[in-house]
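> Residues per chain are reported as follows:
2 protein chains.
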Amino acid sequence: MKRIREVSLNGRMMSADEARVSPYDRSLLLGDGLFETVLVKRGEAKHIGRHTARMAASAEELGFATPGRVEIERAVREFAAEAGIKDGALRITLTRGEGAGVWPEDETGVMLLITGSEGIPYPPEKLKAGLTAAVVDEPRRTQGITARHKTTSYMPSILARRAARLRGCDTAIMLNSAGRVAEADAANVFVVKGGVVVTPPVDEGALPGISRGRLVAAMPDIRQAAVTMEDLAAAEEIVFTNALMPAIRASEVNGRAMRPGKFWRAALDILST
Amino acid sequence: MKRIREVSLNGRMMSADEARVSPYDRSLLLGDGLFETVLVKRGEAKHIGRHTARMAASAEELGFATPGRVEIERAVREFAAEAGIKDGALRITLTRGEGAGVWPEDETGVMLLITGSEGIPYPPEKLKAGLTAAVVDEPRRTQGITARHKTTSYMPSILARRAARLRGCDTAIMLNSAGRVAEADAANVFVVKGGVVVTPPVDEGALPGISRGRLVAAMPDIRQAAVTMEDLAAAEEIVFTNALMPAIRASEVNGRAMRPGKFWRAALDILST
Numbered sequence: 032m033k034r035i036r037e038v039s040l041n042g043r044m045m046s047a048d049e050a051r052v053s054p055y056d057r058s059l060l061l062g063d064g065l066f067e068t069v070l071v072k073r074g075e076a077k078h079i080g081r082h083t084a085r086m087a088a089s090a091e092e093l094g095f096a097t098p099g100r101v102e103i104e105r106a107v108r109e110f111a112a113e114a115g116i117k118d119g120a121l122r123i124t125l126t127r128g129e130g131a132g133v134w135p136e137d138e139t140g141v142m143l144l145i146t147g148s149e150g151i152p153y154p155p156e157k158l159k160a161g162l163t164a165a166v167v168d169e170p171r172r173t174q175g176i177t178a179r180h181k182t183t184s185y186m187p188s189i190l191a192r193r194a195a196r197l198r199g200c201d202t203a204i205m206l207n208s209a210g211r212v213a214e215a216d217a218a219n220v221f222v223v224k225g226g227v228v229v230t231p232p233v234d235e236g237a238l239p240g241i242s243r244g245r246l247v248a249a250m251p252d253i254r255q256a257a258v259t260m261e262d263l264a265a266a267e268e269i270v271f272t273n274a275l276m277p278a279i280r281a282s283e284v285n286g287r288a289m290r291p292g293k294f295w296r297a298a299l300d301i302l303s304t
Numbered sequence: 032m033k034r035i036r037e038v039s040l041n042g043r044m045m046s047a048d049e050a051r052v053s054p055y056d057r058s059l060l061l062g063d064g065l066f067e068t069v070l071v072k073r074g075e076a077k078h079i080g081r082h083t084a085r086m087a088a089s090a091e092e093l094g095f096a097t098p099g100r101v102e103i104e105r106a107v108r109e110f111a112a113e114a115g116i117k118d119g120a121l122r123i124t125l126t127r128g129e130g131a132g133v134w135p136e137d138e139t140g141v142m143l144l145i146t147g148s149e150g151i152p153y154p155p156e157k158l159k160a161g162l163t164a165a166v167v168d169e170p171r172r173t174q175g176i177t178a179r180h181k182t183t184s185y186m187p188s189i190l191a192r193r194a195a196r197l198r199g200c201d202t203a204i205m206l207n208s209a210g211r212v213a214e215a216d217a218a219n220v221f222v223v224k225g226g227v228v229v230t231p232p233v234d235e236g237a238l239p240g241i242s243r244g245r246l247v248a249a250m251p252d253i254r255q256a257a258v259t260m261e262d263l264a265a266a267e268e269i270v271f272t273n274a275l276m277p278a279i280r281a282s283e284v285n286g287r288a289m290r291p292g293k294f295w296r297a298a299l300d301i302l303s304t
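Protein sequences appear in the order of chains A and B.
In this text, residue positions in the first sequence follow this note's numbering: the first is 32, and each later residue adds one.
In this text, residue positions in the second sequence follow this note's numbering: the first is 32, and each later residue adds one.
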């Protein structure tokens with residue numbers, strides 16, 4: 032993954048060195064932003080409509096101003112074309128603009144930033160190997176409004192990933208405040224137990240992921256239900272999904288080795304389109 | 032409160048317009064930063080040693096690189112002097128520098144930003160009037176590691192403040208996942224009931240605030256114990272503290288009017304030094 036040196040800032044392409052992000056930007060100061068990570072395949076920003084729809088819905092619910100989906104998608108197309116990404120990823124960051132105070136006293140502004148990288152995020156050999164995972168005790172995912180939106184207040188996931196790395200693992204499985212499985216540190220989680228596929232519902236602390244939504248729509252047998260630590264321990268398969276993977280299996284969870292299974296292969300087939 | 036147009040970026044003073052914050056800064060993208068808000072009185076950054084000690088301890092525990100307390104305090108003194116703040120506030124923001132990915136693959140960098148404003152944050156008339164408060168149901172404060180550190184992943188507090196404003200109140204009182212009181216949206220909370228002063232302990236989701244710590248040290252009768260909604264409803268006084276206030280009373284909580292009390296006056300006396 033090679034970082035693209037151009038960025039799109041408020042709808043204008045420029046080099047990253049030229050880009051002037053305000054020292055008063057509310058996402059820099061307070062994590063007051065939203066983001067989307069989008070897979071780019073042969074120059075095409077995959078499922079861009081789903082990503083901008085989610086961002087727009089979150090912006091609406093959390094009271095963000097936004098340049099609107101049409102303008103965001105235009106900026107994304109321009110970025111992908113001008114930056115010349117073939118296979119890689121791009122990221123859309125929308126912030127509440129400049130402002131001090133927990134809640135801005137004046138009307139809120141808006142800052143739209145698009146950044147990207149070149150290189151397939153999860154090439155075949157990585158997908159084949161899978162990820163080693165550790166269930167971390169802290170931080171926990173909340174089950175409320177913050178869990179339902181992809182905000183730039185991402186510290187819980189960062190610290191979960193760090194805890195997993197300190198245990199020699201690739202990724203963390205995070206619990207909610209009740210001690211049940213919420214999601215991975217940057218992916219949704221699907222658990223196969225006794226042949227039944229289960230994924231935690233949003234009110235258990237799962238982000239409503241784009242790939243998760245596609246998979247649930249494509250496979251009506253998937254159950255959305257609480258997943259316990261005991262379910263994890265007894266699982267035949269554990270599979271992670273996010274927009275970049277799009278489906279990768281756990282090769283090991285808390286030291287227990289796991290083999291590739293049927294559900295993972297089916298999920299990868301569905302999500303690779 | 033008038034925003035100071037100069038900032039200190041990585042130890043160098045410059046105008047805010049000149050300051051170039053990277054579009055890849057991890058606090059901008061992921062809320063991967065720490066911050067301190069410091070009261071400035073007659074040109075002096077109050078209790079700066081306590082603020083930098085807390086920041087350094089958080090940096091250590093969360094695996095941040097830091098320029099060190101000596102350099103941060105030097106930059107703060109330079110900022111306060113060159114920006115010419117007399118009475119106001121300054122803010123220290125420390126981020127993990129540039130980097131993509133939930134956990135940075137390479138060694139982490141560091142970005143130190145100091146910003147400020149001129150004007151007494153809570154002048155006497157504001158302190159006298161108090162704050163109207165609403166207990167909000169969402170978002171909840173976690174009781175774990177993220178609650179113990181003052182990170183730039185501040186979205187839960189932002190959304191709590193917004194919920195309070197939508198109910199016509201100045202500030203929010205936030206609950207933890209068990210439904211007990213954790214803190215206000217940007218302040219600790221002290222509750223007087225039957226003449227006994229109680230404040231939620233850190234493991235109930237309270238940030239270990241600088242003013243809170245000073246008050247607890249100065250008044251040994253303050254109990255650190257769980258505070259329930261029933262305690263709030265029966266309280267004679269509810270007092271908020273943070274570094275900028277430093278103590279302000281609730282004039283109203285969930286519509287119930289409250290009068291100024293002895294504890295608030297004592298706390299204000301202690302914290303105004």
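Just so you know, not all the hints are guaranteed correct.
A pair counts as met if it fits within one copy or between any two copies, since identical chains are not told apart.
[As the list claims (entries may be wrong)] No farther apart than 20 Å at their CA atoms in a straight line, the calculated lysine to aspartate or glutamate pairs in the EDC-like style are these:
1. Lys-157 / Glu-136
2. Lys-117 / Asp-262
3. Lys-77 / Asp-252
4. Lys-117 / Asp-137
5. Lys-181 / Asp-118
6. Lys-293 / Asp-252
7. Lys-157 / Asp-48
Simulated from the structure, these hints should not be mistaken for lab results.
> Does each hint hold? Answer for all of them.
A quick look at each hint next to the structure:
With identical chains, the CA atoms of Lys-157 and Glu-136 are at most 20 Å apart between copies only, with a shortest distance of 16 Å across copies and 48 Å within one. When the C-alpha separation of Lys-117 and Asp-262 is checked against a cutoff of 20 Å, the pair qualifies neither within a copy, at 40 Å, nor between copies, at 60 Å. Taking the shortest alpha-carbon separations for Lys-77 and Asp-252, neither the intra-copy value of 25 Å nor the inter-copy value of 60 Å comes in at or below 20 Å. Taking the shortest Cα distances, Lys-117 and Asp-137 never come within 20 Å of each other, neither inside one copy (41 Å) nor across copies (24 Å).
Neither within a single protomer nor between protomers do Lys-181 and Asp-118 lie at most 20 Å apart by alpha-carbon distance, with minima of 23 Å and 38 Å respectively. Within a single copy, Lys-293 and Asp-252 get their C-alpha atoms as close as 14 Å, which meets the 20 Å cut-off; across copies the closest is 62 Å, which misses it. Taking CA atoms no more than 20 Å apart as the test, Lys-157 paired with Asp-48 passes in neither setting, with 32 Å inside one copy and 43 Å between copies.
In this structure, the earlier hints numbered 2, 3, 4, 5 and 7 are contradicted, and the remaining ones agree with it.
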